[in-house]
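Peer 1: First residue of the sequence shown? That's 1 in our numbering, and the numbers climb one at a time after it.
Calculated from the structure, these hints are not laboratory results. The structure presented is a predicted model; accordingly, all values stated were derived computationally and were not measured. C-beta: ideal position from N, C-alpha, C; glycine also. Treat the hints with care, since some could be wrong.
[Stated by the list, open to error] Quick list of the computed label-pair ranges, beta carbon to beta carbon:
no., residue 1, residue 2, range
1, Asp24, Ala99, 20 to 28 Å
2, Leu26, Ser86, 17 to 25 Å
3, Leu98, Leu26, 48 to 56 Å
4, Ala39, Arg72, 26 to 34 Å
5, Leu98, Gly40, 23 to 31 Å
6, Glu42, Asn100, 17 to 25 Å
7, Ser87, Pro61, 21 to 29 Å
8, Ser83, Thr2, 45 to 53 Å
9, Ser87, Ile23, 20 to 28 Å
10, Asn85, Lys4, 17 to 25 Å
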Amino acid sequence: MTKKVFLFLFILLGSFSCSQSDIDILEVEATVQDVQQVAGLESCEWLLLLNGKQYKPSYLPLDYREDGLQVRMKIELLPEKASCNSSIDQIRIEQISLAN
């Protein structure tokens, strides 16, 4: 009986310790865009332009909220679309700095 309980707990622990998906962190350069006056994007406020495509950061630090600012970032692409516009993908910024 004890062996069955031990085996069950071992399998249960093993199933919780494995991740279903790996997190891919990308290192990119982007341009900050103030879209508060752009029709259809007003509620997005700030977007990041990467390789010709706009992304909505889950959070953009106040120091980097400047239209046209060039930044270097480490980001994670999120599976959700931005709540402000369903055609814009969302990203999470892991690290951000000014581009050289």
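Peer 1: Could you run down the list of hints and mark each one as holding or not?
Peer 2: Status of the hints after comparison with the structure:
Our hint of 20 to 28 Å for Asp24 and Ala99 holds, since their Cβ atoms are close to 21 Å apart. At about 22 Å, the beta-carbon gap between Leu26 and Ser86 stays in the expected band of 17 to 25 Å. Roughly 18 Å separates the CB atoms of Leu98 and Leu26, a value that falls outside the hinted 48 to 56 Å. Range check, Ala39 to Arg72: about 30 Å between beta-carbon atoms, so the 26 to 34 Å window is met.
In this structure, Leu98 and Gly40 meet the distance hint of 23 to 31 Å, their C-beta atoms being roughly 29 Å apart. Between Glu42 and Asn100 the CB atoms are about 32 Å apart, so this pair departs from the stated range of 17 to 25 Å. The hinted range of 21 to 29 Å is satisfied by Ser87 and Pro61, whose Cβ atoms lie roughly 25 Å apart. The hint said 45 to 53 Å for the Cβ distance between Ser83 and Thr2, and at roughly 51 Å that hint holds.
For Ser87 paired with Ile23, a C-beta distance near 24 Å keeps the hint of 20 to 28 Å intact. Checking the proposed 17 to 25 Å range against Asn85 and Lys4 shows it is violated: the Cβ atoms sit about 53 Å from each other.
Going through the hint list in order, the structure does not satisfy hints 3, 6 and 10.
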